[in-house]
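Novice: This is what each chain is made of:
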Amino acid sequence: MTTLETESPRYPAAAPEARPATAFFDTRLARFLTGAFSVSLGLLIWEVLSWHFQPLFLPSPQLTFYAVGELWEDGTLLQSIGASLARIMAGWSLGLVIGIPIGMLMGYFSFVRRLLDPYVEFFRFIPPIAFVTLAVIWLGPGEASKVALILYTTIFIVTINTIAGVLSVSELRLRAAAALGAGRLQTLLTVIFPSTIPYMVTGARLAMGNSFLTIVSAEIVAAQVGVGSMIWTARNYGKTEWVFVGIITLGLLGYACDRIVRFIVQRLLKRYAVAV
Amino acid sequence: MSASPSPADRSESACTGADIRLEHVSVAFGEHRIVSDINLHVAAGEFVCLLGPSGCGKSTLLNLVAGFLPATSGKVSVGGRPVHGPGRDRGVVFQSTEALFPWLTVQENVEYGPRMCGVPRSTRADAARRYLELVGLGHAGSRMPGELSGGMRQRAQIARVLVNEPSVVLMDEPFGALDAQTREVMQVEVDRIWRATRPTILFITHDIWEAILLGDRIITMTAGPDATFKTVAPVSIPRPRELTAPAALELYRDLREDIASEVRRTLQAQGLVREGLVREGSARDAAA
Ligand SMILES: Nc1ncnc2c1ncn2[C@@H]1O[C@H](COP(=O)(O)OP(=O)(O)OP(=O)(O)O)[C@@H](O)[C@H]1O
Ligand SMILES: [Mg+2]
Chain A
682 MTTLETESPR YPAAAPEARP ATAFFDTRLA RFLTGAFSVS LGLLIWEVLS WHFQPLFLPS
742 PQLTFYAVGE LWEDGTLLQS IGASLARIMA GWSLGLVIGI PIGMLMGYFS FVRRLLDPYV
802 EFFRFIPPIA FVTLAVIWLG PGEASKVALI LYTTIFIVTI NTIAGVLSVS ELRLRAAAAL
862 GAGRLQTLLT VIFPSTIPYM VTGARLAMGN SFLTIVSAEI VAAQVGVGSM IWTARNYGKT
922 EWVFVGIITL GLLGYACDRI VRFIVQRLLK RYAVAV
Chain B
1068 MSASPSPADR SESACTGADI RLEHVSVAFG EHRIVSDINL HVAAGEFVCL LGPSGCGKST
1128 LLNLVAGFLP ATSGKVSVGG RPVHGPGRDR GVVFQSTEAL FPWLTVQENV EYGPRMCGVP
1188 RSTRADAARR YLELVGLGHA GSRMPGELSG GMRQRAQIAR VLVNEPSVVL MDEPFGALDA
1248 QTREVMQVEV DRIWRATRPT ILFITHDIWE AILLGDRIIT MTAGPDATFK TVAPVSIPRP
1308 RELTAPAALE LYRDLREDIA SEVRRTLQAQ GLVREGLVRE GSARDAAA
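Heads up: the protein sequence lines correspond to chains A and B, in order.
Just so you know, we're using the working numbering here: the first sequence kicks off at 682 and counts up by one.
Just so you know, we're using the working numbering here: the second sequence kicks off at 1068 and counts up by one.
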């Protein structure tokens, strides 16, 4: 910490000379160091706090890292990550495939919007957790119930964002398309769809975040494997450090997934002006 | 949506335009009467410029012909057929270059119209290249609209409209956002393209010189609300036009006064400007 401190620039009195100093904070190295500093500080606080508590109450970072090793060795960690990720990916992609067309149709045809609005407006306030029990009763304790819950989580977020996107397509583009001879359906596919892509991406990213919320609750209630069930099983063994492993895994996994989505979007959807 | 005229060989003077007819046309938005009792006949292949104070309803008239807006009363027809909604027989060049689709390349933008009516890939690619060539963008087909300058984007818009071979081209201040030099180049280009392809053109502008350079006829409008046509001036200066011709200068003065008097009238009606200020302004202009 003190070494980082010495790197912080001394502020010169004259404004023009201040430039190189502020520029330093924009370099890649400086940005990395800032992040690393922040993380180290968090770990340090965690460490200091853990001195004052029982491991059952607050395991130390060291103990947690041992637990990571332990869970990695016996394959539990990888298996849990694999199971949770597979459920999220299945439910999430299915949610996109269903939610985007529904959103497009609801945004474009006011009749469809009026038809489905009561359901969207009703269910979007009901958190997926409320359906965990029902999902298990209806779909059994297998994969289907978990995937369905992620699907449920994704669909409303994506649909609502897509509708917002369709409704905000600029009148100018619609007029241009119409004057160039595009029919209603053609306009939907060739103008409204591409114009709405940034909104879909926003919806997809939000839904990805929420899928992580859902998967943990679903797995806690009904699953043999998965990050959520790993967190829950820890209780039976009195291993609080496994809970920490689960939490850290979820955080890193979510971050990685978002990074991957951003990377793909930047690569493939750049021309649709998606800001990520 | 009607079919475009056959893309058969088009000689220099062959007229492919259709006439535009507005009969007793009025438009009101709720209580607000925008234009009243407009009568206009634009002959096939004619180039008509519309001038008028800001907010008088020029865009409204153009939107009527484009089919973006229904007339509150009266008849609008193009080529003898009443207008119901937009169609590819009436191309529109918008002032804003946002009208180009930013996710398509320039070439793809120009191909858009033919693609929508099912023209095969290679045919439409050839047509798009031909029209990009015509507007001087032969080299820029693979670029994205966002990578072009304002003038180039307007050329792309014009190519995108012309590739449909519309019988009517509607232009709403197409060069309003361009710098003076680019604008001059574009004016010469439009004059050349119009003479080469001969659609009927309805062209809205704020720039009196632009109207004199391009129009067969120049129509000025009164200030709104309830605007109508004020004067209709045929331009008899031979093309390509030189704006230094005495006839051009005289026409400029007349039009300038027409529009200034309308602006003055509204400002006085709103009680915003004292007589002195307006007089001073027009005196300076006359001296220029
Ligand atoms: N959708 C609308 N609802 C109500 N009033 C409108 C609407 N669209 C236009 N107007 C009004 O109609 C009038 C004419 O508008 P229009 O855009 O045709 O003017 P314009 O002559 O093209 O002006 P400018 O030269 O500034 O482009 C304006 O006073 C405007 O406020
Ligand atoms: Mg206008």
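Source of the hints: derived by calculation from the structure; they are not laboratory data.
One should not assume that every hint holds.
Claimed, not checked - 20 Å max Cα-Cα, derived SDA-like pairs, lysine to any residue:
hint: 1; chain 1: A; residue 1: Lys951; chain 2: B; residue 2: Glu1175
hint: 2; chain 1: B; residue 1: Lys1297; chain 2: B; residue 2: Gly1122
hint: 3; chain 1: A; residue 1: Lys920; chain 2: A; residue 2: Leu931
hint: 4; chain 1: A; residue 1: Lys920; chain 2: A; residue 2: Ile779
hint: 5; chain 1: A; residue 1: Lys920; chain 2: A; residue 2: Leu777
hint: 6; chain 1: A; residue 1: Lys951; chain 2: B; residue 2: Glu1214
hint: 7; chain 1: B; residue 1: Lys1142; chain 2: B; residue 2: Ser1209
hint: 8; chain 1: A; residue 1: Lys951; chain 2: B; residue 2: Glu1165
hint: 9; chain 1: B; residue 1: Lys1297; chain 2: B; residue 2: Val1330
hint: 10; chain 1: A; residue 1: Lys951; chain 2: B; residue 2: Pro1169
hint: 11; chain 1: A; residue 1: Lys951; chain 2: B; residue 2: Leu1171
hint: 12; chain 1: A; residue 1: Lys920; chain 2: A; residue 2: Leu815
hint: 13; chain 1: B; residue 1: Lys1297; chain 2: B; residue 2: Leu1322
hint: 14; chain 1: A; residue 1: Lys951; chain 2: B; residue 2: Arg1210
hint: 15; chain 1: A; residue 1: Lys951; chain 2: B; residue 2: Gly1213
hint: 16; chain 1: A; residue 1: Lys920; chain 2: A; residue 2: Pro736
hint: 17; chain 1: B; residue 1: Lys1142; chain 2: B; residue 2: Phe1096
hint: 18; chain 1: A; residue 1: Lys920; chain 2: A; residue 2: Gly935
hint: 19; chain 1: A; residue 1: Lys951; chain 2: A; residue 2: Pro879
hint: 20; chain 1: A; residue 1: Lys920; chain 2: A; residue 2: Asp707
hint: 21; chain 1: B; residue 1: Lys1142; chain 2: B; residue 2: Leu1322
hint: 22; chain 1: A; residue 1: Lys951; chain 2: B; residue 2: Ser1209
hint: 23; chain 1: A; residue 1: Lys951; chain 2: B; residue 2: Met1211
hint: 24; chain 1: A; residue 1: Lys951; chain 2: B; residue 2: Val1330
hint: 25; chain 1: A; residue 1: Lys951; chain 2: A; residue 2: Thr883
hint: 26; chain 1: A; residue 1: Lys920; chain 2: A; residue 2: Arg805
hint: 27; chain 1: A; residue 1: Lys951; chain 2: B; residue 2: Arg1284
hint: 28; chain 1: A; residue 1: Lys951; chain 2: B; residue 2: Phe1296
hint: 29; chain 1: A; residue 1: Lys951; chain 2: A; residue 2: Ile941
hint: 30; chain 1: B; residue 1: Lys1297; chain 2: B; residue 2: Pro1313
hint: 31; chain 1: A; residue 1: Lys951; chain 2: B; residue 2: Gly1122
hint: 32; chain 1: A; residue 1: Lys951; chain 2: B; residue 2: Lys1297
As the list claims (entries may be wrong) - A few chain A residues that don't get close to chain B, going by computed Cβ distances all over 12 Å:
hint: 33; residue: Phe713
hint: 34; residue: Glu751
hint: 35; residue: Phe792
hint: 36; residue: Ile818
hint: 37; residue: Ser851
hint: 38; residue: Glu852
hint: 39; residue: Leu855
hint: 40; residue: Gln867
From the three backbone atoms N, C-alpha and C, an ideal C-beta is built for every residue, glycine too.
Novice: Now, for every hint given, state plainly whether the structure supports it.
Specialist: Here is how each hint holds up against the structure:
The suggested pairing of Lys951 (chain A) with Glu1175 (chain B) holds, with an alpha-carbon distance near 16 Å, which does not exceed 20 Å. Of the supplied pair hints, the one linking Lys1297 (chain B) and Gly1122 (chain B) holds, its CA atoms being roughly 15 Å apart against a limit of 20 Å. In summary, the hint linking Lys920 (chain A) to Leu931 (chain A) is supported, as the alpha carbons are separated by about 18 Å, within the 20 Å threshold. With a CA separation close to 40 Å, the supplied pair Lys920 (chain A) and Ile779 (chain A) exceeds the 20 Å bound.
A distance of roughly 37 Å separates the Cα atoms of Lys920 (chain A) and Leu777 (chain A); the hinted pair therefore is violated under the 20 Å criterion. Straight-line distance between C-alpha atoms of Lys951 (chain A) and Glu1214 (chain B) comes to about 14 Å, which keeps the hinted pair within the 20 Å bound. For the hint pairing Lys1142 (chain B) with Ser1209 (chain B), the CA-to-CA distance comes to about 42 Å; that exceeds 20 Å, so the pair is violated. Of the pairs offered as hints, the one joining Lys951 (chain A) and Glu1165 (chain B) holds, with about 17 Å between alpha carbons and a cut-off of 20 Å not exceeded.
With a C-alpha separation of about 13 Å, the suggested pair Lys1297 (chain B) and Val1330 (chain B) falls inside the 20 Å cut-off, and the hint holds. Between Lys951 (chain A) and Pro1169 (chain B) the alpha-carbon distance is near 11 Å, which keeps this suggested pair within the 20 Å criterion. Note on Lys951 (chain A) and Leu1171 (chain B): the hinted pairing holds, with a Cα-Cα distance of about 11 Å set against a maximum of 20 Å. For the proposed pair Lys920 (chain A) and Leu815 (chain A), the alpha carbon gap of about 30 Å is over 20 Å, so the pair is violated.
A hinted pair counts as satisfied when its Cα atoms are at most 20 Å apart, and Lys1297 (chain B) with Leu1322 (chain B) qualifies at roughly 10 Å. For the hint pairing Lys951 (chain A) with Arg1210 (chain B), the CA-to-CA distance comes to about 14 Å; that is within 20 Å, so the pair holds. For the suggested pair Lys951 (chain A) and Gly1213 (chain B), the alpha carbons sit about 12 Å apart, so the restraint of at most 20 Å is met. Between Lys920 (chain A) and Pro736 (chain A) the CA atoms are separated by roughly 9 Å; this keeps the pair inside 20 Å, and the hint holds.
Pair hint Lys1142 (chain B) plus Phe1096 (chain B) holds up; C-alpha atoms about 17 Å apart against a cutoff of 20 Å. Taking the CA atoms of Lys920 (chain A) and Gly935 (chain A), the gap is near 23 Å; set against the 20 Å cutoff, the hint is violated. Distance check on the hinted pair: Lys951 (chain A) and Pro879 (chain A) sit about 10 Å apart at the alpha-carbon level, within 20 Å; holds. At most 20 Å may separate the alpha-carbon atoms for a hinted pair to count; Lys920 (chain A) and Asp707 (chain A) exceed this at roughly 42 Å.
As the CA atoms of Lys1142 (chain B) and Leu1322 (chain B) are separated by approximately 28 Å, the hinted pair breaks the 20 Å bound. At roughly 16 Å between alpha-carbon atoms, Lys951 (chain A) and Ser1209 (chain B) fall within 20 Å of each other, so this suggested pair holds. Restraint check for Lys951 (chain A) and Met1211 (chain B): satisfied, since their Cα atoms lie roughly 11 Å apart, inside the 20 Å limit. Taken as a hint, the Lys951 (chain A) and Val1330 (chain B) pair is broken in the structure, with Cα atoms around 46 Å apart against an allowance of 20 Å.
A threshold of 20 Å between alpha carbons decides the hint, and for Lys951 (chain A) with Thr883 (chain A) the separation of about 14 Å falls inside it, so the pair holds. The hinted pair formed by Lys920 (chain A) and Arg805 (chain A) fails the criterion: a straight-line CA distance of about 36 Å is larger than 20 Å. Taking the CA atoms of Lys951 (chain A) and Arg1284 (chain B), the gap is about 46 Å. The hint is violated against a cut of 20 Å. Taking the CA atoms of Lys951 (chain A) and Phe1296 (chain B), the gap is about 47 Å. The hint is violated against a cut of 20 Å.
Taken as a hint, the Lys951 (chain A) and Ile941 (chain A) pair is honoured in the structure, with Cα atoms around 15 Å apart against an allowance of 20 Å. This hinted pair does not check out: Lys1297 (chain B) and Pro1313 (chain B) have alpha carbons roughly 23 Å apart, beyond 20 Å. Distance hint between Lys951 (chain A) and Gly1122 (chain B) is unfulfilled; the C-alpha atoms sit about 38 Å from each other, more than 20 Å. Only pairs whose Cα atoms come within 20 Å are accepted, and Lys951 (chain A) paired with Lys1297 (chain B) is rejected, the gap being roughly 49 Å.
For Phe713 (chain A), the non-interface assignment is confirmed: its Cβ lies about 31 Å from the closest Cβ of chain B, beyond the 12 Å cut-off. Annotated as non-interface, Glu751 (chain A) keeps its C-beta farther than 12 Å from every C-beta of chain B; the closest such distance is 50 Å. The non-interface label for Phe792 (chain A) is consistent with chain B: the shortest C-beta to C-beta separation is roughly 19 Å, beyond 12 Å. No beta-carbon of chain B is positioned within 12 Å of the beta-carbon of Ile818 (chain A); the least distance is around 45 Å.
A beta-carbon of chain B comes within 12 Å of the beta-carbon of Ser851 (chain A); the shortest separation is about 7 Å. Chain B draws Glu852 (chain A) into its interface by the beta-carbon criterion, the shortest separation being 9 Å against a cut-off of 12 Å. Chain B draws Leu855 (chain A) into its interface by the beta-carbon criterion, the shortest separation being 9 Å against a cut-off of 12 Å. With a least CB separation of 5 Å from chain B, Gln867 (chain A) falls inside the 12 Å interface cut-off, contrary to its annotation.
Hint compliance for this structure: hints 4, 5, 7, 12, 18, 20, 21, 24, 26, 27, 28, 30, 31, 32, 37, 38, 39, 40 are not met, and every other hint is.
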